[in-house]
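Novice: Chain by chain, the residues:
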Amino acid sequence: MSQRFKLLEICRRALSAFAVVTAVVPIYLLIKQAFSVELDSFAWPPRWIPHHLTLEHLHKVTSTGELRESLIRSAEVATVAACTATLLGTMLAYAMTRDLRARRWGLAALTASRLLPMIAVALPLATVLIRVGLYDTPSGLGLALVHAAIALPVAAILLLGAFAKIPLELEDAAFLDGASQLTILLRIYLPQLKQALAAAFVLSFLSSWDEFGFGLLLQPTNRTLPPLIYYYAVFGDVGAASALALVSTAPVLIVLVALRHILIRQPKPPAF
Amino acid sequence: MSITVAMALFPSEAIIYRNILKEFESISGTRVNLVTETYGDILHLLFAQSRAGRGPFDLVEIDIAVLGQAREGVQTLPQSMLATVRAVFPEPAWKVGIVGNQLYFVPHRIMWQAMIYNRLRVPRPPTNWDELAQFARAHPNKLALKGGLYEGIVCDAMPFVWEAGGDELEPTSTDTLTALDFLAGLGPLLNVRSAVFREMSVLEAQARGEVWIHFNWPFAMRYLYEKGLAPAVELSAPVPIGPKGRATILGGGYLGIPRFAPHPHAAELFLRFLLTREVQQRLARELGWLNVLPEQSDTEARMLYDGFIAMRPYIRARATVPNYTGLSNRWQRALEALLFRNVPAAIAVQPVADWVGALRYEKSRPVS
Amino acid sequence: MRRAGRFLRLSCLGLPLGFLAITLILPLLSGVILSFQADGFSLENYRFVLGDSLFRRSVYNTLILAAASLVVEFVWGLIFALLLSSRRRASFVTEVSVLMPLLIPEIVFLSVARYILLPRGYLNGALAAVGLPAVGWLDPRSALCLLSVALVDAWRVTPMVTLLLLDGLQGIPAELYEAALLDGAGSFAQSRYVTLPLLKPALYGALVLRGVDALRIFSTVLVLAGPEGAPVMSTYAYQLWGDAMEEHRAMAASVLLATMIGTLGAVVIAFRARTRASGGGALEGLSG
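If you read the sequences in order, they're chains A, B and C.
Per my numbering, the very first residue in the first sequence carries number 208; after that it's consecutive.
Per my numbering, the very first residue in the second sequence carries number 43; after that it's consecutive.
Per my numbering, the very first residue in the third sequence carries number 8; after that it's consecutive.
Read the hints as simulated data drawn from the structure, not as lab findings.
Some hints here could point you the wrong way.
Said to hold, decoys possible - Only pairs whose alpha carbons sit at most 27 angstroms apart, straight line, appear in this in silico DSS-like list of lysine-lysine:
hint: 1; chain 1: B; residue 1: K269; chain 2: A; residue 2: K239
hint: 2; chain 1: A; residue 1: K239; chain 2: A; residue 2: K267
hint: 3; chain 1: B; residue 1: K64; chain 2: A; residue 2: K267
hint: 4; chain 1: B; residue 1: K184; chain 2: B; residue 2: K64
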């Protein structure tokens, strides 16, 4: 038994090491490219350690106002998108746990909304947004709503899982006590859903922060961050693209480190 | 007041371009909001504006190859502007902006292709077809074409067709087939990633030393120069001469005022400013655009753009057919089959021949 | 009182669905209409796409890529989920590392992966350092290129799968494990008889969610291989739309892709409905 336990422990260590390496390598390369001269990035054999350090790329991307503007806009868009997705996701999950027909409809809609490739939706969508005046606005509200729609299925399914874990008796008891449905939802369900709500919010936020296809088409002049990075990357500016990438990754990293226990909750099953 | 302009500029170009705009802003009092996008994205933005009946753009830059498609998205320009463009640009360049006596687009930069080569690896760049084939045989995987399924494959192949005396509208003529057979012979020797290469990726491969020779636009020299690779490692040379002479393909950014532009008059003023000789010279000097050739005294520029300067007399515009994209798409497929799937030339160009045949029939039909 | 509850439930269903309809499903429908237009209503766009050998290769590649990517990301996702949910808490560094690829913006992650896999990239550099020949990881149309794309895709989305499965794992009551332990079950038996069966709903849910995305694979192919290097259905549509300027044909290809995803999804769900043994679990709903 203890022999086997040791073997498992070694496996655990090896897996952890693997996870760390695959996570660190891209980040390291990003940092290296952001702070080394371009010629270093084109050398053969590739240099793992830069020969010349420079702040030129960072200076280049911060010298125009673009970066600050898109950073703020990305944060706004992601916040609005995450709030909307979480709110609508909660409503949908609630309706779906209470009613079999609602569940069927909900699932059909969630699945259908994820079927079409981005291009097929984005083009007609641009036309619709221009008509209603939500296309390419400085606040990025139109894009935020689209991001919310994209994040809604994941948020709803996460919350559906959380609703299912709440025992029905709790609601029945409250109902017998004369509480209204709304009171039950707000007083009984919501407190139990705290972690799932946080997880849904964080995941929706990240998916919006990350999204560049719709951003590219729907916010052509008032850009969010990913299209800005894309633009530098497409035009072969390795250094500047890496510098921007670092800037956009840093805040998310902080959020994750702070909130990781919400995503990975307290351990339960002793699987290993 | 402010106008919104969309152009396909590199990040480093945009910085310089914004400085030039400042001059216009101080003269006119109009702010210019410069948005940089890729050509493809600009075109889709133009269509979105045109479909929705309103939008943010006052002026857009369109790639020469899609002027036909883009035309329905823009307004006509006053004829008086034609005199200005004629004074600055060579005839093949300004002519493509005119459709049926109406002026729709004016160029603000023109370019053409030349050969980019690694001077350390290729001390004597090939000057004619035989030498090019010799190079490819001696160094397999080191010659590249922009072989992705897009306009670039046509830009690389068509100069060879023209240099043999062929024409894109005569795909089955003996001269055209001579050029295609030559290209088919190069096919297996090309860099293995040629089938996916586009302007930027092939240039990156050249900068990394994976490729020693390829064909590209003048921006390539500027890119290599900024990385410290030109003129130390990379230089430009003329396209190798063919059996019936030299040719290179004309490219360029053309400006048009979109339909439903919020400020068409201000956009027109800005256009006129861009077309003045002083601004054109500044663009040439500071951005290395070849609208105006560099001065004799500017030796570094002359060295970098040597191959491009030599090719200027041999510029040729693409075929003027109502639906150029339709023609190009068929050529792209034909060239892809020819270069990468060993399909014989005569079979590969059949769909092009059918398309051209249908076009001729269409034209010869009496108007009812 | 009851009526008020009914109203609440209806609006809880109606609002989100209305929102989805306006933002995604209506544009989708107008895309479908576009796909039938070619000099008036016609099937011409579909005829072109279905007759195109490039499209057939794209369909084949899409299925291979999705399958390969799903297998890898589910194996790793499950392993990582077990690692993170284990009784001995994983270290802080491990937790952050497992989630890391999720945090790097997609476009950034993909361009770094590209720098690694290029002919003169970091990976071939490492191989050369130990005296091994360079490998054409991204050579157009090679099987290796498909594999590289699948692995990078899996690498990027494994954290998402991990989180979805983790959610399922944490729904398994600890008492069950205690009971199993009392019955003398070892950790393997625990995994086999407790974890896996109870994880099934979460697995199916994640599979449907991720399967749809895997079939829509786009950016990974575009950035790493280029639309010609490993053409898939979405890059095929994109190429028609962006390069060939054949918008209507592009929509036809998109609609075919959506139909394929819908059909495969329905098959999975039907299969699940037939084999479903007993209920329980959060994501069971996905099997409808």
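Novice: Each hint: holds or not?
Specialist: Quick rundown of the hints versus the structure:
1. K269/B / K239/A: holds, 17 angstroms
2. K239/A / K267/A: Given that 27 angstroms is the threshold and the Cα spacing comes to 16 angstroms, the pair holds.
3. K64/B / K267/A: holds, 19 angstroms
4. K184/B / K64/B: The hint is violated at about 44 angstroms.
The earlier numbered hint that this structure contradicts is number 4, and it is the only one.
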